[in-house]
Amino acid sequence: MNQNRRGFVSAGGLFALMAAAGLISAEEAFAQQQAWNKNAFEAKTLEETVKALGGATAAQSGDISITVPDIAENGAVVPVGVTSKIPNTQNVYILVEKNPNSLAASFGIPAGTEANVATRIKMGQTSNVHAVVKADNKFYVVTKEVKVTLGGCGG
Amino acid sequence: MADPMRIRATEQPDGVDVRVLMSHEMETGQRRDSAGKVVPAHHITNVTVSHNGKPVLNAEWGPAVAKNPYLQFKFKGGKKGDKLTVTWVDNKGETRTDEATIS
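Here the protein sequences line up with chains A and B, keeping their order.
According to our numbering, numbering within the first sequence proceeds without interruption in unit steps and concludes at 641.
According to our numbering, numbering within the second sequence proceeds without interruption in unit steps and concludes at 1391.
Quick caveat, the hints were computed from the structure, so don't treat them as lab data.
Mixed in with the good hints there might be a few duds.
[Unchecked claim] With a Cα cut of at most 25 Å, we get these calculated DSS-like pairs of lysine-lysine: (1) Lys530/A / Lys633/A; (2) Lys571/A / Lys1325/B; (3) Lys571/A / Lys1362/B; (4) Lys524/A / Lys1355/B; (5) Lys584/A / Lys1362/B; (6) Lys624/A / Lys524/A; (7) Lys630/A / Lys537/A; (8) Lys1355/B / Lys584/A; (9) Lys530/A / Lys1325/B; (10) Lys1362/B / Lys630/A; (11) Lys1355/B / Lys1325/B.
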């Protein structure tokens, strides 16, 4: 932890201000280069997120299965698994309805990789969790509620 | 520099099962410290997993992924002894790459 890094950290905090003033920081340039979909990650609802990802609406589908606990004791660590049986699945997204920003994670699935990913996410409160799948440029969704006893955001 | 990732890749009849445990604080940018100041967001944004140089999974993550993130997936076409490379980049531009051999 040197002095340089300190400066860098506080510069990160000023990022929003700098962006508002029209300055492009190294951070933003980096994000663009890495193709991190900022709009999608800042969307608040399922509909907004799907729009930001380039779709119109998401249709309900029985070919996606989402593995989440019914009750999560600790909202800071909620295991989520998504499996899609829809052919040509290109992307898998995990959304939490009542988090400050819905989109938690996005996975790009190249050919040869199974549309079966698992990770752990944070949840602020009891909420619906959506698994959204993009296949052949169409969006599909399944939803399941997770009850959270102890929130994972804030504190 | 962040701690190394723990990567386990095992060959199974229906593909290679990959499990990765990264070491990262995944700060959301929503929390406040004891002085009431917002703790700046610091989270992994991109994760790439490559098998012999060919990408097998790309992930984009928001701050809602849990601390010390865990990732599991399966892909076909890998065999014992192949190299698997995992790279993450966070929103401050820090990055880490680790390699593992499929067993």
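Consistency of the hints with the structure:
1. Lys530/A / Lys633/A: holds (20 Å)
2. Lys571/A / Lys1325/B: violated (45 Å)
3. Lys571/A / Lys1362/B: holds (14 Å)
4. Lys524/A / Lys1355/B: This hinted pair holds, its Cα atoms lying about 20 Å apart.
5. Lys584/A / Lys1362/B: Answer violated: Lys584/A to Lys1362/B is near 30 Å, above 25 Å.
6. Lys624/A / Lys524/A: holds (21 Å)
7. Lys630/A / Lys537/A: holds (21 Å)
8. Lys1355/B / Lys584/A: Judged against 25 Å, a Cα distance of about 19 Å means the pair holds.
9. Lys530/A / Lys1325/B: holds (24 Å)
10. Lys1362/B / Lys630/A: Measuring from Cα to Cα gives roughly 23 Å; hence the hint holds.
11. Lys1355/B / Lys1325/B: Satisfied, since the Cα-Cα distance of roughly 20 Å is no more than 25 Å.
Going down the numbered hints, you'll see the structure goes against 2 and 5, while the others check out.
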